[in-house]
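So the sequence lines, in the order shown, correspond to chains A and B. Numbering-wise, our numbering puts 213 at position 213 of the first sequence, and it's gapless, one number per residue. Numbering-wise, our numbering puts 1305 at position 305 of the second sequence, and it's gapless, one number per residue.
Hints should not be assumed to be uniformly reliable.
Below 30 angstroms or equal to it, Euclidean Cα-Cα: the simulated DSS-like pairs (lysine-lysine) are [claimed, not checked]: (1) B/1117 - B/1229; (2) A/76 - A/64; (3) A/11 - B/1229; (4) A/11 - B/1117.
I should point out that these hints are in silico values taken from the structure, not numbers from a laboratory.
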Amino acid sequence: MAVRRRPRLGKVLRHLGLVPFLVFALFPFYHMALTSLKQDRELYDRQAVPLLIRQGPTLEHYRKLVWETGFLTWTKNSLLVAALATTASVVISTVAAYALARLRFFGVNAFGTGIFVTYLVPTSLLFLPLAQVVHWLGLADSTWSLVVTYPTFLVPFCTWLLMGYFRTVPREVEECAMVDGATRLQALVRVVLPMTVPGLVCAVLFGFTLSWNEFIYALTFTSSSDQITAAVGVTSELIRGDIYFWGGLMAGAVLASVPIVLLYVVFLDYYVSGLTAGAVR
Amino acid sequence: MAVSSARIGPVLARPRLRELFDHERVLGPAFVSPALLLIGLLVAYPFGMALYLALSDAYIGRPSQFVGLRNFVTLWDSDAFRQTFQNAFVFTGTAVTLKLVLGLALALLLNEQLWCKRLIRGAVLLPWVIPTALSTLGWWWMFNSLYSVVNWTGIHLGLLEPPGPNWLGQRHYAMAAVITVNVWRGLPFFAITLLAGLVSIPRELYEAAEADGAGPVARFRYVTLPLLKPVLAIVVLFSTIFTFSDFNIVYVLTHGGPINSTHLFATLARQVGLESGQLGQGAAISLYLFPVLVFVVWAQLRFVRRQVY
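Make a model of the complete structure from these sequences and hints.
Okay, structure coming up:
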């Protein structure tokens, strides 16, 4: 094996092979952050080098974003929607996943297939009729419409994810608890759930991330400046008529990504395991 | 358990709730009913509505009438729709192929011994974690007609003729731009999932193949590929449906332009159904995503799940 004969060289070559991938993955973020910190003078100077800041950085774009736009309101809305939709979805999914992984009852297989099919339904297939349903529910142009509709894609995914975790808990553990006099519900709450904490953490993380990142429902069901989420606010309200909006726009894109990046940095391994479970959305 | 319930059953005329919940036949349906209710009301019902809307002349804020297949006939007469239909296949075919090839290459690299493995993996995953609508704004700026950093870099490296292409203003360049962003955002899913598949291949198989005189290419061809096939199939199927139904990237980057050359079903459905108010036609366009969904589900259930479980 060539690698064994020249371990150092092989290793260096592999890292060199990774460089294009890393540049491709990271450059857009670097450029976004750079743009958000540049002064307009340098940003729109066509002779300037776009890859660096030469004329001094500024926080002006961020200051304007936070104090002169609805950014804080949009972020608050995003947090509210993500927190509520995730909580509701994880609760609904936990009991459904437990039933699917453990219990035998009429229609269990059909329901399992149904969950799987629903998981694959793209949000862009149903957003038009859902807009009508939202209207009938009296939630048109309200942040609450998102709290109600986001579980439609969170529940199938979280159920799918948690089923896998429930299957890893040996049946015997539960049966022991029940022999000792616990009811099935007590066995679930006191014995099985503590053993599936990693799965629950993963479900919460993904629920939050998917809610935070969702775009087409938020764009369709809400439009008033005090009801929209951060992703919609930044993409629709920061683009002005003239061309000198780029600094503020990039500042908005960076700042609205910060909560997710923080979660990501802390919980990287959970994201990897969730992704491996098929979180393609 | 069967014995105890047979004994206790007749004695207690009104079994207490918690005892009732010890029966799988009661607890099971009770546990799945919230999810079932949600899916019924907010997925199945809207789907039925989508079918009806597609067969009606629904207009926003006006009562609708059944018109049969007229929406579909009208769509096939429209240049915008025929263009979108073609775009959807070009976009999905190119993007999924690129993601597969690049994703496999990246997974193979990540599967080797590396310095700072965790850091590299974290960096590779980042595009997939950040909200797509927001990161696409960054790409929008990178493809800007006056200040494009892509063109600046290309020109300074001698790869592009000044002033460089107007990425989002010319048909084929716009499609290339949209595909690039989709590949950028979807690559982590391919790489990390395939990496998990690679890690699960037993080392002994490679050692045995090597002992039999197989070189790196033969090992890849006869050990890695066959064993990776189930994972490859899942990844490609999942990605196909979500690439085909993509909305965010096209909406933010090009709005479907120039002259419909990057429209996908989802973005055209929104433009026709909401921006021009022809709800019925919009729903009909959205429904073109359905056959792909059916195919992916069928393929998953028929071939893939059997191998996984």
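Checklist entry - Between residue 1117 of chain B and residue 1229 of chain B, is the straight-line Cα distance small enough, at 30 angstroms or below? => result holds (25 angstroms)
Checklist entry - residue 76 of chain A and residue 64 of chain A: Cα distance at most 30 angstroms? => result Measuring from Cα to Cα gives roughly 18 angstroms; hence the hint holds.
Next on the checklist: Hint check: residue 11 of chain A vs residue 1117 of chain B, CA-CA at most 30 angstroms. Holds or violated?
Outcome noted: holds (12 angstroms)
Next on the checklist: What's the verdict on residue 11 of chain A and residue 1229 of chain B, does the C-alpha distance respect the 30 angstroms limit or exceed it?
Outcome noted: holds (27 angstroms)
The structure is consistent with each of the numbered hints, conforming to all of them.
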